[in-house]
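Q: These are the residues of each chain, in order.
Number of protein chains: 2
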Amino acid sequence: MELAKGFLFSGLNCGIKRYRKDLGIAYSTFDCVAAGLFTTNTVKAAPILYNMKLLGENCTKIRAVVVNSKIANSCTGQQGLNNAYRMAQKAAQALQIDRRSVLLASTGIIGLQLPMDKIEAGIEEASNLLSEDPTPFAEAITTTDTFIKMSSRSFEIDGTRVSILGIAKGSGMIHPNIATMLAFIFTDANISPEALKKALKDSVEKSYNMIDVDGDTSTNDMVLALANGCAGNERIEEGSAGFLKFFENLHEINVELAKMIVKDGEGATKLIEVRVVHAPDELSARRIARSIVSSNLVKTAIHAQDPNWGRIVAAAGYSGVDFDPDKLDLHITDGKNVITVLKRGYPCEFSEEEANRIFLASEIVLTVDLNDGVHSATAWGCDLSEEYIKKNGRYKVWVRTL
Amino acid sequence: MELAKGFLFSGLNCGIKRYRKDLGIAYSTFDCVAAGLFTTNTVKAAPILYNMKLLGENCTKIRAVVVNSKIANSCTGQQGLNNAYRMAQKAAQALQIDRRSVLLASTGIIGLQLPMDKIEAGIEEASNLLSEDPTPFAEAITTTDTFIKMSSRSFEIDGTRVSILGIAKGSGMIHPNIATMLAFIFTDANISPEALKKALKDSVEKSYNMIDVDGDTSTNDMVLALANGCAGNERIEEGSAGFLKFFENLHEINVELAKMIVKDGEGATKLIEVRVVHAPDELSARRIARSIVSSNLVKTAIHAQDPNWGRIVAAAGYSGVDFDPDKLDLHITDGKNVITVLKRGYPCEFSEEEANRIFLASEIVLTVDLNDGVHSATAWGCDLSEEYIKKNGRYKVWVRTL
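If you're matching them up, the sequences are chains A and B in order.
What the first sequence shows, in the working numbering, is residues 4 to 405, in sequence order.
What the second sequence shows, in the working numbering, is residues 4 to 405, in sequence order.
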């Protein structure tokens, strides 16, 4: 795990969950350039509204992110906004920084107010536990996740070592329109606000925005990137030599985290990768890929290891993209074996035995070839299992027992 | 059951399914004015393409509809189109009518070719079994349905008795954009093609297009209306006195059939009705209602009898409609007990006991009040159960054993 210089982390249980960590702080010893992408849901949680306003006023002097899990502080009216403000204020006081340098995130049940006494005591305590180890923070932001999600890269820009650390959480209500759930990027790169925002936006479009667990877009989705410049590299600007390198590494992290979120989808047993190739434009490719990966019928068929490929074609068809069904090829592979089930719109004979072997794999790749251009896109999803229904039906009970 | 005069029906097993009926014919002794609405899926099954072309050339001299179940004749290339043509031709020969007066429908597995020898022998036999009883036809069009779906109305227009009979099937891949699955309307009304099309379109928008089982839009969705004029009423034109009466009765039938389809959703145990009221316009109301009723998380929460209302608000929020969350009210009722969980965007205290009582009901109504206008819309859906996953995972195996 490569660590971005100048960042400290902590995480603890402040009593919102019964036993597990529920409050985390990420802190930078220097001012950070920050960029954020937020849920497109019309109903936005209090911390989302708080951050959007704050980043509009200050995106160059960010020092900390405070996150709580189990309660989303969403649909909580003016009291929710007041509580968000109090969270930031408390963190500012405990960390001895400006209130306007603190960003917030909450995740969990919608419609409950935060227990502010616990939160404030937790922030006080967490401020004294800061260390270089990001693990407690990664744990504190989880809700229904079964594992923590971290990814990092270290690379050189003009001979200077730069690091990026990404930390994310899943794993229900995943069908992002802008950002998915919570993902935090910490980097010691020296980068301009515009370049950071551009890199983040372009990468999120092709990572978190291309995954699906259950088709639901949360009120709390957020991706934040903080860059504190500690690496000492020459400032990265859009179009500078370092920008592409920074972007590539950032994007690798985001794709890795996005796939982790999907793998940890509630009840998931398989990772589904959908590649749409030879599309007339990228947007069409993305829409088709997302449509397939979001289809309940595709998800259940793959869960049951049933090569019911008609559902894949149907999901491509209702994506809203106008393509020629008579040009369509469809291949299914587990990375080793391949079956072609549709060729130029015509069903192909394939070995049922080979199909069964492929569908036993834990990662399955569906390639939809439109044979109509040079563009492509990839989306990731998971299967839909009885376990998903069980988990989600008792979500509140389950989260309460965390 | 009111019967529309001049229509005859038959249904039998021709050997596509093992035991159950799989081929049906609806026949009119007189020429029918016909209107059709077809799936918006880019991938359209052969019978859809066949009907769209035919109705473009002839929508006033339709005599029959031939339907097979278990195999969808979708993604079957040129051979599928040829087979559709042969189906129509065979029916025309057996019924001694013109090939261009025969409409088609298929439903079932995508990507398999029709067994034409069985189909043709079946059509021959079914042509000799025609009777006034629509039940065998209603049975023959089913796939995963657990009950047949028929609804009818009889009413007077200017002193003349007019009847409408509707027959539909579900029950997976239900998330229609134009038409849902198969629904057939047979009426003895004397009505112009334009008036029939207008009535059908307006009604479908608010019935089949407002239901959801699993978010998937089929390649075979179709609603057909046939009017043979046998009632002898004065011709119904758009805007004529009889039009509204015809529309009202047609719409009652369509809503009834739509709700039946949802109730019979795969694995469904509860009917969910979502009413969006006081919206600034009807389209917004409809989008919000459909978004909620299509949410996997709402479906699973209701399945588990969990009053996790935050998911309802979240689903309204990602509908794409821009509304003011601070004006939102949310009520939940089983028709007898009511709880208000959100008032002007603020969570309300409610009795957990009362909530539990409501969620035990088999029909649950969610009312979303935007407090921002005079328009409203209603959508219907079903819960998402473990049974859905089980059924759909083994869909092919299951359909094969029918």
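Think of the hints as simulated: they come from the structure by calculation, not from any bench.
Keep in mind that the hints are not guaranteed to be accurate.
The list treats identical chains as interchangeable, and a pair is accepted whether it falls inside one copy or across any two copies.
Claimed, not checked - No farther apart than 30 Å at their CA atoms in a straight line, the calculated lysine-lysine pairs in the DSS-like style are these: (1) K330 x K56; (2) K121 x K346; (3) K393 x K262; (4) K346 x K56; (5) K393 x K339; (6) K330 x K248; (7) K339 x K204; (8) K8 x K346; (9) K56 x K201; (10) K330 x K200; (11) K248 x K200; (12) K262 x K8; (13) K330 x K8; (14) K121 x K200; (15) K209 x K330; (16) K209 x K56.
Q: Run every hint past the structure and note whether it holds.
A: Okay, the hints, checked on the actual structure:
1. Taking CA atoms no more than 30 Å apart as the test, K330 paired with K56 passes between copies only; the shortest distance there is 21 Å, against 48 Å inside one copy.
2. For a Cα distance limit of 30 Å, the shortest separation of K121 from K346 across copies, 27 Å, qualifies, whereas the shortest one inside one copy, 60 Å, does not.
3. For the homomeric pair K393 and K262, the shortest alpha-carbon distances inside one copy (23 Å) and between copies (26 Å) are both at most 30 Å.
4. Proximity of K346 and K56 under a CA criterion of 30 Å is satisfied inter-copy only: 25 Å between copies versus 51 Å inside one chain copy.
5. Taking CA atoms no more than 30 Å apart as the test, K393 paired with K339 passes between copies only; the shortest distance there is 28 Å, against 33 Å inside one copy.
6. Taking identical chains as interchangeable, the C-alpha atoms of K330 and K248 are never at most 30 Å apart, the minima being 37 Å within one chain and 47 Å between chains.
7. Taking CA atoms no more than 30 Å apart as the test, K339 paired with K204 passes in neither setting, with 34 Å inside one copy and 49 Å between copies.
8. Proximity of K8 and K346 under a CA criterion of 30 Å is satisfied in neither setting, with 52 Å inside one chain copy and 47 Å between copies.
9. When the C-alpha separation of K56 and K201 is checked against a cutoff of 30 Å, the pair qualifies only within one copy, where the shortest distance is 19 Å, while the shortest distance between copies is 48 Å.
10. Neither within a single protomer nor between protomers do K330 and K200 lie at most 30 Å apart by alpha-carbon distance, with minima of 38 Å and 33 Å respectively.
11. Taking the shortest Cα distances, K248 and K200 sit within 30 Å of each other inside one copy (15 Å), while across copies they are farther apart (58 Å).
12. In this homomeric assembly, K262 and K8 come within 30 Å of each other (Cα to Cα) only inside a single copy, at 26 Å, whereas the closest approach across copies is 60 Å.
13. Taking the shortest alpha-carbon separations for K330 and K8, neither the intra-copy value of 51 Å nor the inter-copy value of 46 Å comes in at or below 30 Å.
14. In the homo-oligomer, the alpha carbons of K121 and K200 never lie at most 30 Å apart, since the shortest distance is 34 Å inside one protomer and 62 Å across protomers.
15. In this assembly of identical chains, the alpha carbons of K209 and K330 lie at most 30 Å apart only when taken from the same copy (25 Å versus 35 Å across copies).
16. Only within a single protomer do K209 and K56 lie at most 30 Å apart by alpha-carbon distance; the minimum there is 26 Å, versus 40 Å between protomers.
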